[in-house]
Amino acid sequence: MSDAPRFAPGAAVRVKDDWPERRGPCHIRTPHYIRGRRGTIVRPLGAFANPEDLAFARPAPKRTLYHVLFEQEPIWHEGKPADTIMVEVFEHWLEEA
Amino acid sequence: MAAPPRPDSLALLDRLMAALEAKGIVTEAEIAERQANTDKASPETGARMVAKAWTDPAYRQLLLTDGKAAAEAMGVSMAGAPPLGVLENTPTRHHLVVCTLCSCYPRAVLGYPPNWYKSFAYRSRAVREPRAVLAEWGLNLPDSVEVRVVDSTADYRWMVLPMRPAGTEGWDEARLASLVTRDALVGVAVAKPA
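Taken in order, these protein sequences are the chains called V and U.
If you read the first sequence in full-length UniProt numbering, its first letter stands for residue 1, the second for the next number, and so on.
If you read the second sequence in full-length UniProt numbering, its first letter stands for residue 1, the second for the next number, and so on.
It should be emphasised that the hints constitute simulated quantities derived from the structure, not laboratory data.
Here the structure is a predicted model, which means the values were calculated and not measured.
There may be inaccurate statements among the hints.
[What the hints assert, rightly or not] Quick list of in silico lysine to any residue cross-link-like pairs, SDA-like style, CA-CA up to 25 angstroms:
(1) U/K118 <-> V/C26
(2) V/K62 <-> U/P82
(3) U/K118 <-> U/Q35
(4) U/K68 <-> V/A4
(5) V/K80 <-> U/A121
(6) V/K62 <-> V/K80
(7) U/K118 <-> V/K62
(8) V/K62 <-> U/S103
[Unchecked claim] Okay, the calculated beta carbon distance ranges per label pair:
(9) U/R93 <-> V/H77: 20 to 26 angstroms
(10) U/P4 <-> V/E73: 56 to 62 angstroms
(11) U/L10 <-> V/H92: 39 to 45 angstroms
(12) U/A32 <-> V/A12: 45 to 51 angstroms
(13) V/A55 <-> U/A18: 21 to 27 angstroms
Note that beta-carbon positions come from the ideal geometry of N, C-alpha and C, so glycine has one too.
Whenever a hint applies, use it, and build me the whole structure from the sequences.
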């Protein structure tokens, strides 16, 4: 990978509130329930070919993948306050929070 | 007697395989090797890795930092397999693995996923009400334990390193491994003395 990860462990991030599935055929690995949600970078996991291109046999540049931690309660409005969800999210879905 | 006609689907498969080979994407031999590896894999592989981690601090460190290398150190072929991440349960944190988007599962070390893992019910409920799902399996975790749902959404595959049960001091690896079930390796159960 040539590009260093943009986010460091502990960084506050927000998942883009983007819905490509409304614009046409797509393949995305960002679950709907975290779109627009704030989370915290756990750590970068390495760089992997972008599945959004791979699925359509397009040239797929590598993108940094992160483990991002979210609190359960703000997402579902139920559950225990300390419980969390950890999700693999690609860098192009993340912005500074 | 004439052989029964070949289904059209087999002819389609032949053409697909020929195209994949012609484009240099994958060969039939590579697919056969992956199938053989998956057929060979079973939760006993993951259990052996956990038992070794419980008794060997250096191996535990390797398991938590590079699951693929830790699997290979146990003789598992990880050729072509996705990276393996291992998440450590502690007295204050319990991991529960789910793939809400499809059915990603650490097949290289656990074999084929059980049907419930692929079910819509598990995939939708584990992420939303993990404690209720665990309770239905008889696992009631106290509030002092953080339940960390791990949604396996991309290129890694995730396995849980359960806590070593009390009262197993001095047990050898084989005996320890017998306590580690498939369910404990994805976090829907904990390892318990038999």
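At the C-beta level, are U/A32 and V/A12 separated by a distance inside 45 to 51 angstroms?
47 angstroms, holds
Between V/K62 and U/S103, does the CA-CA distance stay at or below 25 angstroms?
Since the Cα atoms of V/K62 and U/S103 sit roughly 23 angstroms apart, the hinted pair holds (cutoff 25 angstroms).
Measuring from beta carbon to beta carbon, are U/R93 and V/H77 in 20 to 26 angstroms?
Hint holds: Cβ distance 23 angstroms, inside 20 to 26 angstroms.
Need the status of pair U/K118, U/Q35: alpha-carbon distance at most 25 angstroms?
Given that 25 angstroms is the threshold and the Cα spacing comes to 19 angstroms, the pair holds.
U/K118 and V/K62: Cα distance at most 25 angstroms?
28 angstroms, violated
If you draw a straight line from the CA of V/K62 to the CA of U/P82, is it 25 angstroms or shorter?
15 angstroms, holds
Mind checking the hinted window 56 to 62 angstroms against the Cβ distance between U/P4 and V/E73?
This hint holds: roughly 59 angstroms between Cβ atoms.
Decide if the proposed pair is consistent with the structure: U/K118 and V/C26, CA atoms, cutoff 25 angstroms inclusive.
It holds: about 22 angstroms lies between the C-alpha atoms, which stays within 25 angstroms.
Pairwise hint evaluation, V/A4 against U/K68, where the allowed Cα distance is 25 angstroms at most:
The given pair, whose Cα atoms are some 23 angstroms apart, holds under the 25 angstroms limit.
Just to be sure I understand the hint, the distance between the Cβ atoms of V/A55 and U/A18 should be within 21 to 27 angstroms; is that true here?
The hint (21 to 27 angstroms, Cβ to Cβ) holds, given that V/A55 and U/A18 are roughly 22 angstroms apart.
Pairwise beta carbon distance, U/L10 to V/H92, judged against the given window 39 to 45 angstroms:
This hint holds: roughly 40 angstroms between Cβ atoms.
Given the proposed pairing of V/K80 with U/A121, does the C-alpha separation stay at or below 25 angstroms?
Between V/K80 and U/A121 the Cα gap is close to 21 angstroms, so the pair holds against 25 angstroms.
Hints 6, 7 from the list above are not met by this structure, while the remaining hints are.
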